[in-house]
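Chain order of the listed sequences is A and B. For the first sequence, the residue numbers in this note's numbering are 1 to 271. For the second sequence, the residue numbers in this note's numbering are 1 to 237.
List time: in silico DMTMM-like cross-link candidates among lysine to aspartate or glutamate, alpha-carbon distance up to 25 Å:
#: 1; chain 1: B; residue 1: K198; chain 2: A; residue 2: E126
#: 2; chain 1: B; residue 1: K127; chain 2: B; residue 2: D57
#: 3; chain 1: B; residue 1: K127; chain 2: B; residue 2: E226
#: 4; chain 1: A; residue 1: K95; chain 2: B; residue 2: E226
#: 5; chain 1: A; residue 1: K95; chain 2: A; residue 2: E204
#: 6; chain 1: B; residue 1: K127; chain 2: B; residue 2: E60
Not the full set, but computed from the structure, chain A residues with beta-carbon under 7 Å of chain B:
#: 7; residue: H23
#: 8; residue: L108
#: 9; residue: W111
#: 10; residue: L112
#: 11; residue: P213
#: 12; residue: T237
#: 13; residue: L241
#: 14; residue: L249
To be clear, the hints were calculated from the coordinates, so they are not data collected in a lab. Cβ coordinates follow ideal geometry from the N, Cα and C atoms, glycine included.
The chain contents come next:
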Amino acid sequence: MSEETSILPAYIPPKARSLFEPHRLFLMAVFAVIIFCAAWFMRWDWLPRYGGRLAYGVWQTLVMLFWSSIVGFLLAVPIGLVQVTGPRPLAWLAKGFCSIIRGTPLLLQLWLLYYGLGSVFSQYPELKSSFLWPYLRQAWPYGFVTLMISFAAYEGEVMRGAFAGVPRGELEAARAFGMGRFTMFRRIWLPRAIHRALPTLAGETVLQLKSTPLVATITVIDVYAIISRVRQDTFLTYEPLLLLALIYLCLTGILVAAFRFLESRIPTREA
Amino acid sequence: MPSGLELLSLSPPGWGGVMLAGLAASLQLAVGGYLLGLLIGIGGAFGKLYGGPILRDLLEVYTTVIRAVPELVLILLLYYAGTDAVSQLFLLVGLPAVDISGLAAGIFVIGVVQGAYSTEVLRGAIKAVPPGQIEAARAYGMSPLQALRRVTLPAMLPYAIPGLANLWMIATKDTALLAVVGFSELTLVTRQAAGSTKAYMTFFLAAGALYLLVTLVSNIIIALIERHARRGMPRTG
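Only chain A is shown next, with the shape it has when bound in the complex (with noise of 0.2 Å):
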């Protein structure tokens, strides 16, 4: 019993050892079977017919998670930014926002919005008749709302730490070089609080991803309503849910791998 225990062997992640390690093989020989046996076993005909759709849904899905990112970082900048420097009442106000999203469910919001909002707009007949009626009668706009603004909550208390965390020499050195605020803002504190928070930018937007498929509850058509579709058409249970996960797998594996380039692309002096 204490001979297992007492060499505490160093923690050396999977992924820094060598790919063909016996044990390694084994296991990929493992899995391959296991993929087989779905591949064979499992019915996969529906396949052919959805994949057209499946392709487009993918793209929705991506589409949707492209936009609601941007525009919610775009909004996250001011959030985090008035939390470290603005006046009281707007950092209150930033902190109330971010502490109300990140307190309830992101379901829970979509739902207050598409049924909730949707409900008190059909309730003014000028509206209606407005050139914004044939947006707000469809469902994504609600969808891409309710997820942009869950990006900004969850981002813009982390841009707050990435500007808080820029060290104040620098931004001192950007004033003694006669930078005005907005010049050094955009010149060094932006840039620099954005590479600080890259790696949880990387984190975020994958748990971004995550989130999209709930807007399939309100009938946004994305690769989660597809396969849903399919698991209605088909009576299958698990073959489509096992699809979709690979899939959402393989997206947040480039989502990954693309973060990480751009990180790579940033020079760093070394610590």
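Based on these hints, arrange chain B on the given structure of chain A.
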């Protein structure tokens, strides 16, 4: 049409009682799933740190897959797979088929998802414990389990608490996802109440306030626990 406050009253014409029952179900799910996740997390963290190469790789696959696939998809998969597996098992043993309660299935699902995250949190926390402390416990002749209970777990607690607190918040919010599989927790109950009274705003805002209340109360409790766990440590920052 009754006004907002009447709709929220606790007695039957109002939906307040139903919503509180939903909140209780949500909290049961969150607490159960969180505790199960912690158990999986402790096991997983020790497996990752001290286990053999195969165990480490398998745990790595577990945490990676769970953290890369949306909770909603995992909940659907595990909810069906879990209930299916149990009824198959019962059939195999020859017991009569039983209905697995939604609560048990929900706790299982949330626990498995939370387990992956707590594995990572606890692994980081255990690594932050100075190894000399664990070695000292071993030198005193404590068995591995005793060293775990007396030294490693208490010593890593201050490092783990921020991450674990975060996980608790995620657990409370993840319970809302079980609305999608038809489990009557707060969000689904709210939607039913809102749908049958058409007072969408009232009910969703009330549910939001309840979730927020849970978060705020949790924050206070977590601050107390953290102060307790950090007692005797030098103050930082």
